[in-house]
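*Asks:* Each chain is listed here by its residues.
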Amino acid sequence: MSDPSAAGPRVVAIVPAYREEGAIGGVVRELRAFDPGLDVVVIDDGSPDDTAAVARAAGAAVVRLPFNLGIGGAVQTGFKYALEGGYDLAVRLDGDGQHDPTELPKLIAPVLAGEADIVVGSRFAEPGDAYRPPLARRLGIGLFARIVSLLVRQRVTDTTSGFQALNRKGIALFAADYPHDYPEVEATVMVVRHELRLLEVPVRMREREHGSSSITALRSAYYVVKVLLALFVGLFRRRVVPTEELT
Amino acid sequence: MTPLRVSIVASIASILLILVVLELIRSRRLRERYALLWLATGVVLLVLSAWRGALNTIAGWFGVTGYPPAVLFAVATLFILLVLLHYSTVLSRLVDQNAILAQRVALLEERLRASGLPPDEEE
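Keeping their order, the protein sequence lines are chains A and B.
Take the first sequence: its letter number 241 is residue 241 in my numbering, and every next letter is one higher.
Take the second sequence: its letter number 19 is residue 266 in my numbering, and every next letter is one higher.
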């Protein structure tokens, strides 16, 4: 824990992890090497393997969920941790090592400068990037990017990125309400509907070090239908959290 | 042939079902995950109610010659069975998770008591 009287904002890195005992140690060590003053909290989403122990050994605070909540519930646990811990700024990275901590300043700087409430690292914001996901996935990501861009009246290129930085307003919103499974697309729309300022910055992402993406071919159909339904119904929804409460 | 009045009433009922499900999602009383099967039920029933030719054809396949709307009942029953079965699996998972939560809380309470800290009544 950093000293609350110390100058500068208190920053916490939220790392959701499920079955990442192979990668999580490296992720935590990298974060601590990037900034030793950074508090790192790993949300272990009920992993049956040694994810929690490995993360703790690497020096992170670990919140262990008693059973698997899915990525939405796990990430929201992190936002609640950040809110209750009184942090000024939270960054979120995936537990598989695909997000490079040395890219964090690009995400944090606009939040600290007061230019945005939430900054998302996009793999596609710059053309000609080396990152090329499989075709089906690219189509899905492109479809959602187009729909979300329409809904929020702002160009969004990567609606599935879990590489983000948020100020206190963003933390409070997501702690109060966060979508359950496959949350990022809906969350992007939620942010803008609550009149928080969203900014995308181009980042490089690495290939996954271990394991495979949590979105398999079989789940893709459910993913697309569920998110489309949620976006559609969300249009008719009032705000969850009144804007004035988001301080 | 399916009586026209049956088609109209069944279509209206299907549309009502779809609207009620959408409103339940909107007001956050139903999660998308558990609404999809209901929406599928509503859409299939709506198609079979409004598209009278299809209902008659399907009735023909199954040898229902006297009264084609019987197929509507059969399809509705099948979907309700699916929804119930799905909910039974969801319920079973919830029971398991509830037990895990109760055990965790009891163990934490004991650990707090043993370490001499008063249990936090708030939150």
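A couple of the hints might just be wrong.
What the hints assert, rightly or not - If you want the footprint, here are the derived chain B segments under chain A, 3+ residues with CB under 8 Å:
1) 260-274
2) 344-353
As the list claims (entries may be wrong) - To give a feel for the contact side, a few chain B residues facing chain A, derived at Cβ under 8 Å:
3) R278
4) R280
5) L283
6) E356
For the record, the hints were derived by calculation from the structure and aren't laboratory data.
All figures in this text were calculated on a predicted structure; none of them were measured in a lab.
Positions of the beta carbon are idealized from the N, C-alpha and C atoms, including for glycine.
*Asks:* Against each hint, give a clear statement of whether it holds in the structure.
*Replies:* Hints, verified against the model:
With a cut-off of 8 Å between beta carbons, the segment 260-274 of chain B has 3 residues touching chain A; three or more are needed, and the interface restraint holds. For the segment 344-353 of chain B, the assignment as covered by chain A holds, since 4 residues bring a beta-carbon within under 8 Å of that chain's beta-carbons and 3 suffice. The criterion of a C-beta within 8 Å of any C-beta in chain A is met by R278 (chain B), whose closest approach is roughly 6 Å, and the hint holds. At about 7 Å, the closest approach between the beta carbon of R280 (chain B) and any beta carbon in chain A falls short of 8 Å, and the interface hint on this residue holds.
About 7 Å separates the beta-carbon of L283 (chain B) from the nearest beta-carbon of chain A, less than 8 Å, and the hint is met. Annotation: interface hint on E356 (chain B) violated; nearest CB of chain A at approximately 14 Å, more than 8 Å.
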